Amino acid sequence: MRHAVGALLRKDLRAELRTLESIPAMTLFAVTTFVLFHFGLDRNSLDGDLAGGVLWVTLLFAAVLGQNRLFVAEQEQGGFDGFLLAPVDRTALFVAKAIALFAFLVVVEVVAIPAFAILLLGPDLLDPLPGLIAVLLLADAGIAIVGTLVAGIAIRTRARDLIGPLLTLPLLVPVVLAASEATAPLLAEAGASGPPGRWLAILAIYDLTIGLVAYGVFDFLLED
Amino acid sequence: MSSRPSRATAVIELRGVTRSYGERVALDQVDLDVGAAETLVVFGPNGAGKSTLLRILATLLRPHAGTVRVLGRELPRDGYAVRGQVGFLGHEPLLYRELTGRENLRFHARLHGVPNGRIAELLERTGLTHRADEPVHALSRGLVQRFAVCRAVLHDPALLLLDEPRANLDPGSIDLVEPLIGRASGRTRVVTSHDPVGGLEEADQVLGLRAGRAEITGTATADELGALYR
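Protein sequences appear in the order of chains E and S.
Using the working numbering, the first residue of the first sequence is number 243, and each one after it goes up by one.
Using the working numbering, the first residue of the second sequence is number 48, and each one after it goes up by one.
Don't take each hint at face value.
[As the list claims (entries may be wrong)] Computed from the model, here is a short list of chain E residues facing chain S with C-beta under 10 Å:
1) Gly248
2) Leu250
3) Arg256
4) Ala257
5) Gly282
6) Arg285
7) Glu318
8) Gln319
9) Asp323
10) Phe325
11) Leu327
12) Ala328
13) Val330
14) Asp331
15) Ala334
[Unchecked claim] Cβ pair distances, simulated, as ranges:
16) S:Arg62 with E:Asp461: 24 to 32 Å
17) S:Asn215 with E:Leu463: 27 to 35 Å
18) S:Gly245 with E:Leu270: 48 to 56 Å
Hints are computed from structural coordinates only; laboratory data are not their basis.
These numbers were taken from a predicted model, which means no experiment stands behind them.
Glycine is no exception: its CB is placed at the ideal position from the N, C-alpha and C atoms.
All chains, please: the whole structure from these sequences, using the hints.
Shown next as structure tokens:
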């Protein structure tokens, strides 16, 4: 399976580098949303719960943009058939796509987090950055797993652009909740040195659970 | 045309295979035997069930009734074991438009565990070496079809499933790909065609489909095949 995941991942990253279809759109969306919040909330700076909420809701919607494009080449250019004709574990497609979406999110955040700090965040970001990175990585994993699973379901439907977000957002409520709770103390005026372990554990458990469910059912999604 | 192969040597065995799309029956109770190194040419008007038949044999579709055995394995149960031995050339080239021809072939080679040397060999044989580093979206349909032929035979499959394989190919290109997908390849082949005369030339046996039903099996004349379209 390792070879198949590697081949799929290399293909997806190469295609994204060439077309720039997903990452720029996701990044632009995130930054634009921060600008809108900046003016919409009519506040020069946010901290604590509000900062955490704004950050995660924005990143979540940016992820949905990328998720919708995840299987488009497979559906429109025969990629599903090409993959299904190969003697490889079908779950390799799920693993590769989830890693690709995770990578897209990390790249988006490299731009979006500094933009968030400049446009909206009151407290300094440097001290809580290691803790924030831990939260980001755990939440990104959950978003990537759910996003890939839902994108695999939605791409086979006629209303895929609607079905994707409609299924994704409820499934990611636990991720947004846990990530916001874990982020809020980091972004408070008297910032904590690290995120609350309880919420990190909840994120990790959710990632593991939804990851096992997705791993178990994805094979069936590829059946005709 | 030769006589039908015995079941003992059959590479493909279909018994009562039925497949529907919603209410529409695409294949209806089709029986079939194809022996090793034989060529079955499938005729029939658009929507007759030719592509559905190929997709069932390629493990891409499940039959809704009947039994399918390919290369001694029962489908869809043993699909995993069959996939690596089947070369499928359908209406779509199954190539990513943003990648180059060579990148596409490398991608499929990795999925099939094929060494990169095979890619260079196929590019050379199909006259594509000098166009291999251009993105697929920049190539003509004929060139894309030649890359698709390379993809279909990359893993040296025992069984070829070819849906109008010469579509978009000029005579020179047909000559280039013929050793790979033609009778000279020595592989068992199922080929769809709308050309009764040309199809009969390469057929060991024929299957004439109309509205999913096998109206002609075994042997036929060009006139009988032509009647399928009227």
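Evaluated hints:
Satisfaction of the interface hint for Gly248 of chain E is found here, the shortest Cβ-Cβ separation to chain S being roughly 7 Å, below the 10 Å cut-off. About 8 Å separates the beta-carbon of Leu250 of chain E from the nearest beta-carbon of chain S, less than 10 Å, and the hint is met. Here the hint on Arg256 of chain E is kept, as its CB sits about 7 Å from the closest CB of chain S, short of 10 Å. Interface hint status for Ala257 of chain E: upheld, as the beta-carbon distance to the closest one in chain S is roughly 5 Å, under 10 Å.
Among the interface hints, the one on Gly282 of chain E is violated; its C-beta lies about 37 Å from the nearest C-beta in chain S, farther than the 10 Å criterion. For Arg285 of chain E, the suggested interface contact is broken, since its CB lies about 43 Å from the closest CB of chain S, more than 10 Å. The criterion of a C-beta within 10 Å of any C-beta in chain S is met by Glu318 of chain E, whose closest approach is roughly 9 Å, and the hint holds. Contact between Gln319 of chain E and chain S, as hinted, is supported at the beta carbon level, the nearest pair being about 5 Å apart and thus within 10 Å.
Satisfaction of the interface hint for Asp323 of chain E is found here, the shortest Cβ-Cβ separation to chain S being roughly 6 Å, below the 10 Å cut-off. Restraint check, Phe325 of chain E versus chain S: the minimum CB separation of about 7 Å is within 10 Å; hint holds. With 10 Å as the threshold, the beta carbon of Leu327 of chain E comes within range of chain S, its nearest partner Cβ sitting at about 5 Å, so the hint holds. At its closest, the beta carbon of Ala328 of chain E sits 4 Å from a beta carbon of chain S; the interface hint therefore holds under the 10 Å criterion.
Against a cut-off of 10 Å between C-beta atoms, the interface hint on Val330 of chain E holds, since the closest Cβ of chain S lies about 6 Å away. At about 9 Å, the closest approach between the beta carbon of Asp331 of chain E and any beta carbon in chain S falls short of 10 Å, and the interface hint on this residue holds. Restraint check, Ala334 of chain E versus chain S: the minimum CB separation of about 9 Å is within 10 Å; hint holds. A hinted range of 24 to 32 Å for the beta carbons of Arg62 of chain S and Asp461 of chain E is consistent with their spacing of about 27 Å.
Evaluation of the 27 to 35 Å hint for Asn215 of chain S and Leu463 of chain E yields a pass: the beta carbon distance comes to about 32 Å. Against the hinted window of 48 to 56 Å, the Cβ-Cβ separation of Gly245 of chain S and Leu270 of chain E comes to about 54 Å, which satisfies the hint.
Of the numbered hints given earlier, the model fails hints 5 and 6; all others are met.
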